[in-house]
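Colleague: We have chain A already, so just place chains B and C on it with the hints.
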Amino acid sequence: MVVPLHHIIAIASLLFSIGVLGVLFRRNAIIVFMSIEIMLNAVNLAFVAFSNYHGNVHGQVFVFFTMTLAAAEVAVGLAIIISLFRNLQTSDITEIHNLKN
Amino acid sequence: MTTALFYLFAALLIGSALFVVLNRNPMYSVVALVFGFANLAGIYFLLEAYFIGALQVLVYAGAIMVLFLFVVMLLDVKPDKPRRGLVHLDRWWFAILVVLFLGLLLGIVPGAVRLITSVPAGHEADIGNVERVGQALFTSYLLPFEVAALLLTVALIGTVFLAKRKI
Amino acid sequence: MTWLDINSTLPELIILATALLLLMLEVLSTPPRNSFIWVALAGMGLSLASVLGTPLSGNYYGNMIALSTFTRFIDVITIALVMCTFLFSAPYLRRTLEERGEYYALILFAAVGMMLMAKAHDLTMTFLGLELLSVPLYILAGFYRNRISSNEASIKYLLLGAFSTGFFLFGIALIYGSIGSTNYDIIQQAIVNGQELSRGLTLAGFALLLIGFAFKVALAPFHMYAPDVYQGAPTAITAFLSTGPKVAAFAALLKLVIVVFAVTTRHWWGVMWLLSVLTMTVGNVTALVQDNLKRMLAFSGVAHAGYLAIGILVGTSDGAFGLLFYLAIYSVTTLVAFGLVALVEREQEDGLEVSSYRGLAQKNPFIAAAFALALLSLAGFPPTAGFTAKFFVFNSAVEAGYIWLVIIAVINSLISVYYYLRPVVAMYMREPEDDRRVTLPPITVPALVLLVLVALGLGIMPFTLVQSGVSAAASLF
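For the protein sequence lines, the chains are A, B and C, in the order given.
Throughout the first sequence, residue numbering follows my numbering, covering 7 to 107 in sequence.
Throughout the second sequence, residue numbering follows my numbering, covering 903 to 1069 in sequence.
Throughout the third sequence, residue numbering follows my numbering, covering 101 to 577 in sequence.
The shape of chain A in the complex, shown without the other chains (with noise of 0.2 Å):
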């Protein structure tokens, strides 16, 4: 493939910053994990890139790590909210106060 290595880094960082700015700007905490989501992808894909680029496997093991723990983390978070929406008794997640500042 031809592409050039800045056009598929400037498309992860372009989808890092738009994970940075979901988790930051978005009141819904299920959003905002999705978002955590968005970055370790667009981690996931400068790493697969640079493994392409330098021809050595390095790159590609570490996506396997960095997946493992989007998953360990990712079935964590969900138990934590479904706890916390067990104790508010609402259906309204965005209910949480004092999640942002």
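Hint data in this document are derived by calculation from the structure and do not stem from the laboratory.
We treat Cβ as the ideally placed atom computed from N, Cα and C, and that holds for glycine.
Hints are not guaranteed to be accurate.
[As the list claims (entries may be wrong)] Lysine to any residue pairs mimicking SDA-like chemistry, simulated, CA-CA at most 25 Å apart:
{"id": "1", "chain 1": "B", "residue 1": "K1068", "chain 2": "B", "residue 2": "M975"}
{"id": "2", "chain 1": "B", "residue 1": "K1066", "chain 2": "C", "residue 2": "S249"}
{"id": "3", "chain 1": "B", "residue 1": "K980", "chain 2": "C", "residue 2": "S249"}
{"id": "4", "chain 1": "B", "residue 1": "K980", "chain 2": "C", "residue 2": "R247"}
{"id": "5", "chain 1": "B", "residue 1": "K980", "chain 2": "C", "residue 2": "I248"}
{"id": "6", "chain 1": "B", "residue 1": "K1066", "chain 2": "C", "residue 2": "I248"}
{"id": "7", "chain 1": "B", "residue 1": "K1068", "chain 2": "C", "residue 2": "P191"}
{"id": "8", "chain 1": "B", "residue 1": "K980", "chain 2": "B", "residue 2": "T1061"}
{"id": "9", "chain 1": "C", "residue 1": "K463", "chain 2": "C", "residue 2": "R195"}
{"id": "10", "chain 1": "B", "residue 1": "K980", "chain 2": "A", "residue 2": "H13"}
{"id": "11", "chain 1": "B", "residue 1": "K1068", "chain 2": "C", "residue 2": "R194"}
{"id": "12", "chain 1": "B", "residue 1": "K980", "chain 2": "C", "residue 2": "N246"}
{"id": "13", "chain 1": "B", "residue 1": "K1068", "chain 2": "C", "residue 2": "S249"}
{"id": "14", "chain 1": "C", "residue 1": "K463", "chain 2": "C", "residue 2": "V524"}
{"id": "15", "chain 1": "B", "residue 1": "K1068", "chain 2": "C", "residue 2": "E126"}
{"id": "16", "chain 1": "B", "residue 1": "K1066", "chain 2": "B", "residue 2": "V968"}
{"id": "17", "chain 1": "B", "residue 1": "K1068", "chain 2": "B", "residue 2": "D978"}
{"id": "18", "chain 1": "C", "residue 1": "K463", "chain 2": "C", "residue 2": "L550"}
[Unchecked claim] Computed from the model, here is a short list of chain B residues facing chain C with C-beta under 10 Å:
{"id": "19", "residue": "L999"}
{"id": "20", "residue": "L1017"}
{"id": "21", "residue": "T1041"}
{"id": "22", "residue": "V1062"}
{"id": "23", "residue": "L1064"}
[What the hints assert, rightly or not] Per the computed footprint, the stretches of chain B lying under chain A, defined by three or more beta-carbons under 8 Å from a beta-carbon of chain A, are:
{"id": "24", "region": "906-917"}
{"id": "25", "region": "931-942"}
{"id": "26", "region": "954-963"}
{"id": "27", "region": "967-979"}
Modeller: Showing chains B and C alone in chain A's frame:
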């Protein structure tokens, strides 16, 4: 052909990421993110990272996003109410700082990559297939692999503890 | 992999075995589960014995980890912190909710993460160690499953932790992109020889890595989450939250800066300088107006992160030694201070205000004396160890030429005296408001003995720790 495909996948990926962040209904966000991750898997295949591409579909678009979908439905998360505003910008100076920082990031990182002149030494063949990645995982990356397993154990304990009603 | 590799991680393996044993016991036993604490303590004791008994050094697991006097130093601090946390946890848990095997097991997993993070010789291990430390802490912060404040602390900690992990990982990705490896030795060689594909990319990667670390150790302006999380979490956990990640992250950062990025200091020292000044000032000034002891100690922790950042900035072996010495003193003192707050605390998060400490010296002179000693050491009064530690760090900074930084730090230390003395004055010079009794559970006595040894013993005779601190710092270079 592959080049055109790459830009197509990339455009769809960025588009769906923007949709995730900018719309009010969490359900739509989840589905858009699944779509975006599928496109990302396409990019991985184009970059010859076949194992990672498969994992992306199985683990991310499959397992993780299904978990999200499940929680959104279980909790019956309603779309954000329009009157509250999509984003909260109570601290404008903070928003400006963030945008400045991200602008810097978007300028520096691809710029630095564009300036790369030297070519890295020694390509290995077929780095993306399962055999090569697996070999690395179980030889030089053995300890990190075990630690990753521990991480999943911890997540398992935590999830059961936090989410189960009676233990 | 050889037996030597397995031997090199023996302390971690012992801790893991203990954690798994506790999980098994949790399933098999019926309440009350009073014996769990002893199993956990025995495991940590064995692990300590193996740390001291097998003085290995060198690289293991194919250069994934590197053992040295430095990592042994961090191992010992980790084990001491975890044991103190256990000692304070047992009576706290019995009072507020039942003891559970998961509680001890998760702390043990976090301890393994801390130890691996300091040993890491590859960014993969640094990252995984950090996560193995963080994920159990997210769960532990929400350990009161039925209390909304604990749930909120937990979700907030997790979201911000995951957010900072994003920066951390992007930083690693850029460094990998510039050099083609995540191994410390290879990165260091490439930087020294100028063999990176792009110096700008390496530095951008390091900057993002630094942001990730700044979140974990709560450097301003990335400290916003810390007070809320510390306040919402169960107090015994707060004790560990405010010390464990700091020790591990500062150890890893110190190693990274000295072993890998030392040559690039001229590019980033200004940023670190600013972070340090901002952190200590924001931490101290905000702590002045706090009435809640947990919040006050949280901001005090932020301020101390600022002092610790000086040790990173200096970059000489004196600076590294000062940082390690400070880290040991700070972590033990803060942990015991939070532990004592947990003892004074009443049901439903009551009894955390400074006013609740009025006349504590009459109610329980031991707790009052220990708490006063911890606070005076944090404030840096001579002859406590807090003073000696500050002296070592500031002295190394002056020798490295950071005069203004030291002047600002000294002014900050003077400001901090006010809020550290407020509870002391309340305890000794005010009359008690109620006749509620505050008891000192016998199990916590060893932790108080350790406090006296560290805060007072090392203040008067610092030489006992200086020896091992200097050799630990020297092993980094």
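Colleague: Looking at the structure, which of the earlier hints fail to hold?
Modeller: 10
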